[in-house]
Amino acid sequence: MAEAILRPQRDAARTRAAILAAAQDAFSVRGYSDTGVRDITAAAGVNPALVSRYFGSKEKLFEAALSALLDAALITNLPRETFGEDVVAILTATQRGQRNPLPMMMLAGADSTARAITDRLLKGIFLEPMTRWYGPDRGAEKAACFTLLASGLTLYRELYPLDALNAGLSEETRRWLVAAFQSLVD
1 MAEAILRPQR DAARTRAAIL AAAQDAFSVR GYSDTGVRDI TAAAGVNPAL VSRYFGSKEK
61 LFEAALSALL DAALITNLPR ETFGEDVVAI LTATQRGQRN PLPMMMLAGA DSTARAITDR
121 LLKGIFLEPM TRWYGPDRGA EKAACFTLLA SGLTLYRELY PLDALNAGLS EETRRWLVAA
181 FQSLVD
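Residues in the sequence shown are numbered consecutively from 1, following the UniProt record's numbering.
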């Protein structure tokens with residue numbers, strides 16, 4: 001009797017998740033333009049043809065990677081009483097495995113296709129639900145202000161770190177940020 005040839009068992013869900021995670025990491029560090037499909041698949045440990053199989057194209061992979069990270073419920077499920085404190089805690093957390101979509105979004109600006117995808121997803125997946133959550137009284141403006149504050153904090157802590165923030169936020173700066181975010185719900 002011939003011995004069975006042992007082949008690694010394939011797991012489509014795990015492969016897709018590995019590609020997605022590698023793409024999120026790469027797009028968040030190098031941006032869309034400077035990231036190739038081969039870079040992503042090498043990091044995921046898979047064949048480059050699998051991007052086409054699971055996502056269709058680099059553009060669709062970018063869209064899937066970003067849409068998986070954009071979750072307005074992460075913010076809208078926070079209690080309004082401690083909203084500012086909770087938001088600042090989320091934005092300044094350094095937990096492994098928890099990806100922030102903002103670096104990926106900011107680095108997408110260098111490519112018109114990635115920028116258009118980012119703009120569409122930001123509006124549809126994040127800003128529209130945030131606007132509804134804030135309510136009819138200046139809801140869209142408050143959602144925009146939230147995005148402005150969160151993006152600025154992320155930009156100057158992660159992408160272009162300012163020396164003044166390298167050691168973390170001072171208590172005074174933390175209080176200011178908490179008050180700024182809290183003012184959007186009070």
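Incorrect hints may appear among the rest.
[What the hints assert, rightly or not] Calculated pairs, DSSO-like style, for lysine-lysine (alpha carbon to alpha carbon, straight line, at most 27 Å):
1. K142 to K58
2. K123 to K60
3. K123 to K142
[To be verified] Derived DEER-like restraints, expressed as beta-carbon distance ranges:
4. S57 to L155: 23 to 31 Å
5. L165 to R53: 14 to 22 Å
6. N166 to P136: 38 to 46 Å
7. S183 to T113: 31 to 39 Å
8. E81 to N47: 48 to 56 Å
Don't read these hints as lab results, they were simulated from the structure.
Backbone N, C-alpha and C define an ideal beta-carbon position, used for all residues, glycine too.
Here is how each hint holds up against the structure:
A hinted pair counts as satisfied when its Cα atoms are at most 27 Å apart, and K142 with K58 does not qualify at roughly 33 Å. The straight-line distance between the Cα atoms of K123 and K60 is roughly 17 Å, inside the 27 Å bound, and the hint therefore holds. For the hint pairing K123 with K142, the CA-to-CA distance comes to about 14 Å; that is within 27 Å, so the pair holds. Restraint check, S57 to L155: a C-beta distance of roughly 28 Å satisfies the suggested window 23 to 31 Å.
With their beta carbons about 42 Å apart, L165 and R53 fall outside the hinted range of 14 to 22 Å. Checked against the hint of 38 to 46 Å, the pair N166 and P136 passes, with Cβ atoms roughly 41 Å apart. For S183 paired with T113, a C-beta distance near 36 Å keeps the hint of 31 to 39 Å intact. Between E81 and N47 the C-beta distance comes to about 50 Å, which sits within the given range of 48 to 56 Å.
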